[in-house]
Structure formats: C-alpha cells, structure tokens
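Colleague: Produce the entire structure from the sequences given, and follow the hints as far as they go.
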Amino acid sequence: MRKTLSEISNFLGGRVVGDRDIVITGVSGLKEAGPGDLTFLANPKYLPLLKTTKASAVIVAEDVSAEGPALIRVANPSLAFTRVVALIKESLTPRIRGVHPTAVISPDAVLAENVGVGPHVVIEPGVRIGRGTMIGAGSYVGEKAVVGEETLIYPNVTLREDVSVGSRVIIHSGSVIGCDGFGYLTVEEKHMKIPQMGTVVIEDDVEIGACVTIDRARFDRTVIGKGTKVDNLVQIAHNVRTGENCIIVSQVGIAGSTTLGKNVILAGQVGVAGHLHVGDGAVVMAQSGISKDVAAKAVMFGSPADEHRQAARTLGHVGRLSHYVERIKALEEKIASLEESLKKRMDT
Amino acid sequence: MRKTLSEISNFLGGRVVGDRDIVITGVSGLKEAGPGDLTFLANPKYLPLLKTTKASAVIVAEDVSAEGPALIRVANPSLAFTRVVALIKESLTPRIRGVHPTAVISPDAVLAENVGVGPHVVIEPGVRIGRGTMIGAGSYVGEKAVVGEETLIYPNVTLREDVSVGSRVIIHSGSVIGCDGFGYLTVEEKHMKIPQMGTVVIEDDVEIGACVTIDRARFDRTVIGKGTKVDNLVQIAHNVRTGENCIIVSQVGIAGSTTLGKNVILAGQVGVAGHLHVGDGAVVMAQSGISKDVAAKAVMFGSPADEHRQAARTLGHVGRLSHYVERIKALEEKIASLEESLKKRMDT
Amino acid sequence: MRKTLSEISNFLGGRVVGDRDIVITGVSGLKEAGPGDLTFLANPKYLPLLKTTKASAVIVAEDVSAEGPALIRVANPSLAFTRVVALIKESLTPRIRGVHPTAVISPDAVLAENVGVGPHVVIEPGVRIGRGTMIGAGSYVGEKAVVGEETLIYPNVTLREDVSVGSRVIIHSGSVIGCDGFGYLTVEEKHMKIPQMGTVVIEDDVEIGACVTIDRARFDRTVIGKGTKVDNLVQIAHNVRTGENCIIVSQVGIAGSTTLGKNVILAGQVGVAGHLHVGDGAVVMAQSGISKDVAAKAVMFGSPADEHRQAARTLGHVGRLSHYVERIKALEEKIASLEESLKKRMDT
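Residue numbers (the working numbering), protein chains in the order written: chain A, 478 to 825; chain B, 478 to 825; chain C, 478 to 825.
None of these hints come from the bench; they were simulated from the model.
Heads up, a few of these hints could be off.
Identical copies look the same in the list; a pair holds intra-copy or inter-copy alike.
To be verified - Pairs of lysine-lysine residues, derived as DSSO-like cross-links and limited to a Cα-Cα distance of at most 30 Å, are as follows:
{"no.": "1", "residue 1": "LYS670", "residue 2": "LYS508"}
{"no.": "2", "residue 1": "LYS806", "residue 2": "LYS522"}
{"no.": "3", "residue 1": "LYS528", "residue 2": "LYS667"}
{"no.": "4", "residue 1": "LYS811", "residue 2": "LYS821"}
{"no.": "5", "residue 1": "LYS811", "residue 2": "LYS522"}
{"no.": "6", "residue 1": "LYS667", "residue 2": "LYS531"}
{"no.": "7", "residue 1": "LYS820", "residue 2": "LYS806"}
{"no.": "8", "residue 1": "LYS774", "residue 2": "LYS703"}
{"no.": "9", "residue 1": "LYS806", "residue 2": "LYS821"}
{"no.": "10", "residue 1": "LYS703", "residue 2": "LYS820"}
{"no.": "11", "residue 1": "LYS531", "residue 2": "LYS480"}
{"no.": "12", "residue 1": "LYS621", "residue 2": "LYS522"}
{"no.": "13", "residue 1": "LYS528", "residue 2": "LYS621"}
{"no.": "14", "residue 1": "LYS703", "residue 2": "LYS621"}
{"no.": "15", "residue 1": "LYS508", "residue 2": "LYS522"}
{"no.": "16", "residue 1": "LYS508", "residue 2": "LYS769"}
{"no.": "17", "residue 1": "LYS508", "residue 2": "LYS667"}
{"no.": "18", "residue 1": "LYS667", "residue 2": "LYS739"}
{"no.": "19", "residue 1": "LYS528", "residue 2": "LYS821"}
Being a predicted model, the structure only gives us computed values, none of them experimental.
Modeller: Set out below in structure tokens:
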C-alpha cells in the first residue's frame, strides 16, 4: 500500500487532523505500529497509547484529540480501520488462477467462471461450483456437493458427498464437512452403524476454522446458519442447527440435534449436550457444560452450567468453605459450653 | 429405492398391516418423512406421531396399531429399519473402482482384488491391502502398513508406517493413525525426544471419526479393540488399549498406557489420565476427568470424577450452599440470643 | 541392530557387568523385553522387575546390581537408553530421497541440498527450504513460507503463506500452521472479518503433534519458542507467544495474545483465556481453566483454577459437604432442645 492520508480519509468519509500528505505504507496495532503505519483507537482505555505510538496516523472517534500522530476522525474507528485493512488484505490474498493441470475434475462437474482450482484437488461427478470460488491444493469435493460464489476453501479440506456450501464462505485447512454422524444401534453389546443419510448445509457468509468436523445428519440436514463463525477444532454433531451470526469458539463440542438461536456465543471448550435449545443471544462462558435448554440472552457458566451470577455466588461460597467450616466449629464449641453451663445450673 | 411394502416386509420377515402394494421410494424419520417414505417407531413415547406422520409406512413392534400409515410389524423395529437403511446406504456409498492413475503406489505394495484407490493416494513400499478395501483421495499409507478387507478409508487420512488396520473398519477424513507418542526426557530443562518405536493396531469392525489422532506406542502397540467406535477429534495416546465394543465420544482424550475394558462408554470431552484402568461396562459422563482407576460398571461424573450418585449429591449440596450459609447465620443469631438470655438470668 | 554389549557400552561410556559379548538385536521396555533386547531401569521403584525381565541386558545407574541380565552401568540410564534408541530410530525413520515427480514446486521456490519432497506435495512461489529437510506426501507449503534445516514435515500438513519454521522441527500429519486468527468486528449483529495480516514463527527444535492448529497473528507474529513440544489437537490462537521448552499436552487451548514463560507445562485439555501471562516454570494440571495471570513456578488446578494446594483443600471441603450439613442439622437440633429446656425453666 502507498496512499496519502487524505486519500484514505476520503475513502472513509472521515476528516484529517494534521498533515494530509503523509504517505501510509502499512497498517498495524497501536503498540506494534511504526513510521508509515496507520492504526486506530476504538477503546478509550487505550487513549494514553496515543502519546507513545510510533504510528504515522491513527483513526479515532469524532471527539478524540492527540499530540503526535496525525488523525482521521470518523464515527466508528473500528469499522473504518477494518475497511482499510480489508482493502489491503484483498490485494494480499493469494489467488488461485484457473484450474491446475494436476487437479482431477470429473467431466460431470460444473465449474462457473473464474473458479480457481489448486494442484491435486479432486472434484467428483455432479459437483457444482459458483463463480469466483477458489478450492485450495489437495482439497476434496465429493459427489454432488454444491459450493456457492466467491467462497474460499483452503488447502487440504474435505467436503463429503452432497454437502452444500453457500457463497462468501471461508473454510480453513484440515476441516471435514459431512463426515458421518456418530450413531449406533446396540444389539447384544455390539454396535451396528446407523447409516447417516442426511447432509450438511453451510449457509452464506459462514467462516469455518481449521480441523473443524461437521457431521452429516442422520436424515435431513445439519445446518450452520448464515453469518455464523466457527473457530478451530470445533465438533458439530449430526442434525445440529445453528442460527444466524453465532460465534462458536475453539474446541467447542455440540452434541446431536441441538439447536442454537441467533447470535449465540459459545466460548472456548464449551460442551453442549444433545437435543437441547440455546436461545437467541445467549452466551456460554469458557469450559462450561450445558445440560439443559438455555433461555434467550442468558449468560451461563460452569459444568454443569448455571446462570452466571448464580454460578459466581456459588463459586464464592465454595471458595469460602474453610471459613464456613470454622464457623460451624465455633458454633459447636459455643453450644457445648452453653449445654455445660445449663447443666451446671440445673444441677444446682 | 423402489420396492413394494410386501417386498420389504418379506426381506425383514415381518407382517404387513394395510396396503401391501404401496411403493416405497425412500426412508426418513417419523417427523421428517413424506409420501413414499418408510420410517419406524421404536420408542413408545413417540406413538402420538403415528397419527401425524406423512410417511407411507412405518415399521413398528408386534403390538402397535395405527390409523393412517401402513405398518410392518416386526420384533425389533430399530434393528429392522437399520437393515433396510443399510441396504439403501450400501447402494449409495460412493464406490471407488480400480486404482486411479494419479495414485502413487509402490511396486513393493500388495493390493488384493477389488481394492479401490482414489486420486492422489500414496501407498508406500511393503504395504498390504485386503480385498474390497477402498482408500479415498489424497490418503497416505505409510511403509509396511497393513489394511484388512472391506475397509473404508475416507479422503485425506494419514496411516503412518507399520500400523495395522483390520477388516470392515471405517476411518473418516483428516484422521492420523500412528503419529508419534508424546514422550520426552528432560535433561537440564531441555526435552529430548524419546523415539516411539511401537505401532498402532486397529482391530476389525472399528469406526474412527474425523480428525482423530491415535499415537503409536513407545514400544509394543496402541490397540483399538474390535467393534469399538471412536467419534471425531478424539486423542488416544501411546500404549492405550481399549477393549471390544467401547464407545468413545467426540473430543475425549485418553492419556498414555491407560486401558479400557469391554463396552466402556466415555461421553464427550472426557479426559482420562495415564496409567489407569477403566473396568468393563463403565460409563463416564460428559466433561468428566478420570484420575483414578474406575470399577467395572461404575458410572462416573465430575472433574475430578466421582461415582455419579455421590457426585450428584455433592452437586446438590454445592447448589444449596447459600441456604446452608443462611442456616449457619441463623444458628449464630440464636446462639447469641441464648447466650444473652442465659447471661441475664445468671445476673438475676 | 546387531551389536555386542561392549560396543554399546563403549558408545555410552559405560561399564559392563556380565557377559560383554552378548549380541543385542533390539530395544524394549523392562516388561515387554525379550531375549536379545536391551532395556533400562531409571526409577528405583521398578527394581523388582530386574529379576523377572526377559531382556538380555539392562542399562542401570552406577549403584545397581542384579542377578540375571547383564548390565551396563552409567550415570544417567534414561539418557543413555535414549541415545541408543535414537541411534536405531535414526536408521528406521523413512527417508524421503529427492523430489517426487508428482510434487508441484514453483520455479520461484528455493530448495537447498538434500531436501526430500514426497508425492503430491505443493510448494508455492517464494518458499525457501533448508538443507536436509523432508516434506511428506500431500503437504502444502504456502507462498513465501520459510523452513529451516533437518526439519521433518509429515504427510498432509498445511503451512500457510509467510509462516516461518525453524531447524530440526517436527510437524505431524494433519496440522495447520498459519490459519487465520479468529477475529471479528460486530456491527449491527453481523460479524465482519478482521484480516489477520501477521504470521506464525515456529522456532528451532519444536515438535508439533497431529491435527494441531496455530493461528497467524492479527499483526506481527504468533511464536512457538525454541524447544517447545506441542501434543496433538492443540489450539494456539493469534498472537500467542510461548517461551522456550514448554510442554503443551493434547487438546489444550490457548486464547489470543496470551504469553507463556519458559518451561511452562500445560496438561491435557487445559484452557487458558486471552491476554494473560503464565510465568516461567508454572504447571497447570489437566482440564484446568486459567482466567488470571499465573505466577512463575505456580502449580494450578481447577476450573477456574486456583493454586493447587488451595484447590485440593477446597475440593476436600466440597467432598465433605454431606458431613458438614449433618453437623449443621445436629446444631439446629441441639439449639432447639436448649431453647426448649430454657423456656421450660423460665416458665417454672
């Protein structure tokens, strides 16, 4: 990147305070930035860093002033910064151009315009891939799978047969979409496999991290709702349905047939049992275990999880157990002494 | 599928109630089914759904009647349904026919009849693969590994050198069998790698989920017992041995040298420490942590885990801590008041 | 291997007790060993096994005597044994010789001498790979990534663009280095991706297990310090930095921007929240959850974690809750009876 501050400010519809002709050559965080970098300040608690940052310019809110770096004042600094960074990133993303000759593509697959296919990719019969989508090296797209437009599949991803992936989806390396749900019928101590005949639907604008596993439904479909973001090493079992715009952090496991509402947040290493519902906007804190339905907007903590203020009170009591035990001992001593004195008086 | 109800009933040794000539074109769940579908009812609590299902026919137990759909009465509806579904699934499983020309197969590997090898597979020297086994696209089979008959390896699996995989095994995408055990010798704060010279044996009829890691033994072998089923993202460390027909749910971790008996169930996200034994038929509930041997048939819960009824009692007490603290306060007040009145009386 | 005991003893600088001409053909553990095997005894509690081992020879400490097997006495038996085993393992490690013709290597990549590249590997433009490094079948090395000397990348690994991997590093199959950090800016309930423009640096002598995910930094770099060992299925988020010689056991998750000192040990399934510091030599016990900074050399346990002795005391109290509740009941009864007798006496 090589743009003047006024060019960037115009792009953002902002207002420059300071030298409009500074040349910006990169972007960075407030602490990490150096000369030539543009950065941003969104959280007022970092205001003191404006004095020490080595950045050449900072995107700030309308009411922020600073000595030192030049400023671009905007309504929403985080958003503005992200727009600048996206601009740069766009130009940085390694693009796959055309179909690599080592890819094995069925003549019965249909690839739209500008699809990029990396080396050693395999695309089976009946697959359809939308315009501008890229499939990274070594990835596998199973029979009759459908992938939308402008989607980015990183190297070494496995999309099993029949799965459906939307548009503007990102799937990171090592992930497996559409592996069999974990279902058995136990007859005389032996486990017979229950065929998993459904599929997985990944809606538009979803991002799936690395080494994520999403199981196909027993019948019907497992669904990742539009705009939901899934971090690395997450397990999503058969017939799970997440609403739109959920955030599912690393190493979460969601058991079969559970449904999440919209804008649910599951923090790292959370487990959710099967056949439950987690309501819209609920938040489950890290390492918690959910074994009952969760109400909309509830904030849950613990394993098994409780409403988080209740869980905090309980944890507080647990932490003070030594103290309570002391109080019980003191009571026992007082009672003994009362009994003693009462006995004495009765004897008199 | 396109079969009459009487054909399916004959296959199952069942008895039709209703129109024997209905044509069945698919299978589904009671709730999801539509016209042309066959479904089943095993759990009596779903009896009311018999009235509302849109399925054309339902497999039921001997004593079930219904208005609406046709019925096939059998002794075990779940089992019967699974037999029908397996029939269909068999015909649906994408079969790999022959050896794809892009596969790199050592001339020193021995492939039996009807082995299917997908594109970009690598099979190293000394490998032996049994009749009817399929190796999915991009999978790697290391030197001297042995795979049995009718086994299904999905795309992008890694089997390291010397591992042994039985017959009728299924291994899902992204899994790594035979990676090195995690062993170091720490000398002056530096960790020297202890070579892991053993291997992994996956016995017959095992199923391994996606992105599972099973470490090779330091010496000797890590063993997954016959008929055991392992879900996605499970970690099995070096020298672990599981008995037959265990169920190991997603994101479980089993540390080194621990042994499981037969028919053990480890629910999701369970951790088992090293050098322990979990007895036959034991069940460990989700997110529990096992740090001691577990008796046969025990049901364990918590981290650290306790016998589940004891754990439930303890959890109950923990949940009532506010209440107990109130009772301690009440006692303290009563004692104070007793002491007071006793003091008054002594003063008189 | 086929060496006499005296040859091995000379290599180790040890002293033989017994027949110097015994031929050693393999190595094994004390319990598993058979005739021809060399084994070792480091922990005095296994001394009784010296009588029953079937090994032909045992490496022992200076002061150990035994009837039965021949001995090699050395200062540090574990270390000595590892040196022997490493010797053997070295000769056992399957070596990749040359560049396989199916590998797709950019003409703009630079490979030093004796680099081995397996079948179906992809190496993008601008990559540099050091002398003696091996890249296993199906692995992907992204644009401008740098790999040091004598490093071993197992099959089906993904190294994303720009990552830097040191010398003598081992990375196991299925791992993904340099996937995007999990960062979004939420505007009106929708999550906008924050580009992750930094990278990952894996320093020298690191080992990374199978199916590990290490996210690239938002800016700057995620760092795995020299000599650190990471087990399978671990998640390391963006901008994390580990010190030298840490041990990170299977299924651990470390959230964004957290730093570990030197020689930190995180046991299995531990979670560490973001923006924290874990001090040098700290140990976190299995399944614990760290939500505050950890002091150097602290030993932590629980979720949320506490200093381990404090956590053990608290757990002890929790386990005795039934007992404490009985004591509260007993107090209530005694108080009631005291009140009763006091009331009676006042009535008289």
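Colleague: Evaluate each hint against the coordinates.
Modeller: Checked hints:
no., hint, verdict
1, LYS670 to LYS508, "between (55 Å within a copy, 21 Å between copies)"
2, LYS806 to LYS522, "neither (47 Å within a copy, 42 Å between copies)"
3, LYS528 to LYS667, "neither (69 Å within a copy, 33 Å between copies)"
4, LYS811 to LYS821, "both (15 Å within a copy, 17 Å between copies)"
5, LYS811 to LYS522, "neither (52 Å within a copy, 50 Å between copies)"
6, LYS667 to LYS531, "neither (66 Å within a copy, 32 Å between copies)"
7, LYS820 to LYS806, "both (21 Å within a copy, 22 Å between copies)"
8, LYS774 to LYS703, "within (19 Å within a copy, 44 Å between copies)"
9, LYS806 to LYS821, "both (23 Å within a copy, 25 Å between copies)"
10, LYS703 to LYS820, "neither (76 Å within a copy, 72 Å between copies)"
11, LYS531 to LYS480, "within (18 Å within a copy, 64 Å between copies)"
12, LYS621 to LYS522, "neither (52 Å within a copy, 37 Å between copies)"
13, LYS528 to LYS621, "neither (58 Å within a copy, 35 Å between copies)"
14, LYS703 to LYS621, "within (21 Å within a copy, 34 Å between copies)"
15, LYS508 to LYS522, "within (13 Å within a copy, 53 Å between copies)"
16, LYS508 to LYS769, "between (43 Å within a copy, 22 Å between copies)"
17, LYS508 to LYS667, "between (59 Å within a copy, 27 Å between copies)"
18, LYS667 to LYS739, "between (39 Å within a copy, 11 Å between copies)"
19, LYS528 to LYS821, "neither (77 Å within a copy, 70 Å between copies)"
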